[in-house]
Amino acid sequence: MILPGNAACHGCPISLAFRAVEEIENPVLVIPAGCSTVIAGMHPNHALRCPVVHVPFASTTAVACGLSESYRRRGIRGNVVAWMGDGAADIGFSTLSASAARNDDIMVVVVDNEAYMNTGTQSSLSTPAGAYTTTTPAGKDTGRRDLALLMLMHHAPYVATASVGYIRDLRRKFRRASGIEGFRFIHVHSPCPPGWRFDSSLTVDVARMAVESLAWVLWEYDGVLRISDISRRSSVSRRSLREYLLVQGRFSGVDDAMIERLEREVLENWKLLQSLETVLR
Amino acid sequence: MQQSVRDRGNKDGEGEVKLLTGNYAVAEAVKIAKPEIIAAYPITPQTPVVEKLSEMIERGELNAKMINVESEHSAMAVVFGAIAGGSRAFTATSSHGLAYMYEMCWWVAGSRLPLVMAVPTRSIGAPWNIHADHSDVMLLRDAGWIIAMAENAQEAFDLTLQGFMVSEEVNIPYAIGYDAFQVSHAVEPVVVRDVEIPERRQAYSVTPDTVIGLNAVTTTARHYARKDLMVDLENSRKVIERVGREYPEEYGFYEEYRTDGADYVVVLTGAWAGDAKEAVDQLRSEGVRVGLVKLRYIRPFPYEDLRKMDGEFMVIDRASSGNRGILGIEVSSVRDVAANVIAGLGGIELTQDDFYGLIKRFAEGRLSGVVWYP
Ligand code: SF4
Chain A
82 MILPGNAACH
92 GCPISLAFRA
102 VEEIENPVLV
112 IPAGCSTVIA
122 GMHPNHALRC
132 PVVHVPFAST
142 TAVACGLSES
152 YRRRGIRGNV
162 VAWMGDGAAD
172 IGFSTLSASA
182 ARNDDIMVVV
192 VDNEAYMNTG
202 TQSSLSTPAG
212 AYTTTTPAGK
222 DTGRRDLALL
232 MLMHHAPYVA
242 TASVGYIRDL
252 RRKFRRASGI
262 EGFRFIHVHS
272 PCPPGWRFDS
282 SLTVDVARMA
292 VESLAWVLWE
302 YDGVLRISDI
312 SRRSSVSRRS
322 LREYLLVQGR
332 FSGVDDAMIE
342 RLEREVLENW
352 KLLQSLETVL
362 R
Chain B
898 MQQSVRDRGN
908 KDGEGEVKLL
918 TGNYAVAEAV
928 KIAKPEIIAA
938 YPITPQTPVV
948 EKLSEMIERG
958 ELNAKMINVE
968 SEHSAMAVVF
978 GAIAGGSRAF
988 TATSSHGLAY
998 MYEMCWWVAG
1008 SRLPLVMAVP
1018 TRSIGAPWNI
1028 HADHSDVMLL
1038 RDAGWIIAMA
1048 ENAQEAFDLT
1058 LQGFMVSEEV
1068 NIPYAIGYDA
1078 FQVSHAVEPV
1088 VVRDVEIPER
1098 RQAYSVTPDT
1108 VIGLNAVTTT
1118 ARHYARKDLM
1128 VDLENSRKVI
1138 ERVGREYPEE
1148 YGFYEEYRTD
1158 GADYVVVLTG
1168 AWAGDAKEAV
1178 DQLRSEGVRV
1188 GLVKLRYIRP
1198 FPYEDLRKMD
1208 GEFMVIDRAS
1218 SGNRGILGIE
1228 VSSVRDVAAN
1238 VIAGLGGIEL
1248 TQDDFYGLIK
1258 RFAEGRLSGV
1268 VWYP
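Protein chains in written order, with the working numbering: chain A, 82 to 362; chain B, 898 to 1271.
Please note that the accuracy of each hint is not assured.
Said to hold, decoys possible - Output of the computed footprint for chain A on chain B, the stretches with three or more beta carbons under 8 Å from beta carbons of chain A:
| # | segment |
| --- | --- |
| 1 | 926 to 939 |
| 2 | 960 to 967 |
| 3 | 992 to 1004 |
Keep in mind the hints are simulated off the structure, nothing from the lab. The structure displayed is predicted, hence computed values, not measured ones. Positions of the beta carbon are idealized from the N, C-alpha and C atoms, including for glycine.
Using the sequences and the accompanying hints, generate a full structural model.
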């Protein structure tokens, strides 16, 4: 789906996720500004094997809604995919929320690298506490907003989290979402080597460490919420959160108190998901 | 009641006379154009347009999908997606709504996608004011849209219909402005034309089988796309004039009223033209050689025509910028404007007497430069 020679950084998580778009039937991508815009290439070049409509930030899911409704009226089969980073999900949150509430027939993929990377690593609502960004030079003091759970609360037909560290799981979720009608949301954890400050050969390892330490939990909701086996196994033989954090340069300034706080947040989140699993079944 | 407006040997101009507000007249025109997708967010004084269209859809008179969005930014984004997919679409807004969708207005124009939008014109805060002036529609001047201005409900109806035809021929979006309340909410007899709009036309559409990266990052291509847009916008005047001639009123690009041999020429746009024309009549009967130019379009702008006209120019504006009115700036880019009146922002009404007084003072040399009135 993505051509070699594209403009992604070495080890870019988003280019991994782009490859999985081939699981989606008749995709048409709607992409706001961000790393994905750059990866898709500069006119007249085009690094993706499917049509792309580039749009301004806050418009993304609304444009996707218009396209999808146009196809429905014209009898055209297509999966309109609003493909955005956490930056567009921040600035376009009311648009995103309205799309979910209207149950627009679109797929939304948020490739979340936990900061505004395309403008040089500024903090976003996805940036975890403690992380260094250029706008939180002392480490962010507030926590991360959980976008996927917020989408779940919109009663969308399909909501899932995924990770570029588990591509088979990610591909399966894209395939699954591709076949469902209505609003589908997939939140893809995307560790970014330059933004998170780790070696570009380690993207998949860092992504897996996030899942193994429960910093990122894989789950899927289609009326029933299921924590995936990968995460369930991680909870049994859990990897240390400290190890996951300290492999990244962006956390190099955190003290023990911050690590404890993050540990607490991770466990609360895990408990919350477990209780949701018992309720939403 | 079927009634012939003018015998032109064809059906153009025939239709039913209905009592309609400007907003409802626009809704009737949109119904004739049969858009497939409509998206809007409510704002006074635009709301009745989309309420009426929703009713039409509900009653099965119009086969369209109404998408209720959470903001005007999204309204313009939804119709952007709809027209990119190849569907005819419509939206309407006013004031803050237009300001909020402004970013998307550039994207629709820059993508060369045809669209019609109604703009019952209203002031922009602060302070809050829901009443008429032209501050909102003038925002579109730089975005690459065709901007039409209606004097009354009939013009709002006709220009909306013409908008679909013009826009889809030149692949440039088209906005119809009409003054808040004076036109949007005032009831007038309107001939609802018995006409058909041609099938949707546009230069391209994005579908799953197209290989397209629409609006990818560029450097020079953006420059030339913008240049092409501006050249085509300028040339759209020919299409506007051709389509306008099809209507019984033979809508010209602008209207000259008693400008023959005029020593003084008043330039303005919108609902006030009627009152101003009556003031012109009165002054003419008193021997003052005054005429009026009503601008029916703000983009493209008739710079050359205005430059060539005789007489001393007085421009009456309903929108301001810097130390002048916006029309004052436009006209003064090609000729001297002896007086630029910025009148009645935020719904202050000017009567025939006000226009009479202003024009008379101007003709007597007692009014010049930039004048705020009242
Ligand atoms: S900054 Fe990160 S997300 Fe963006 S292109 Fe580079 S590696 Fe990919």
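How the hints compare with the structure:
no.	hint	in the structure
1	926 to 939	holds (count 3)
2	960 to 967	holds (count 5)
3	992 to 1004	holds (count 3)
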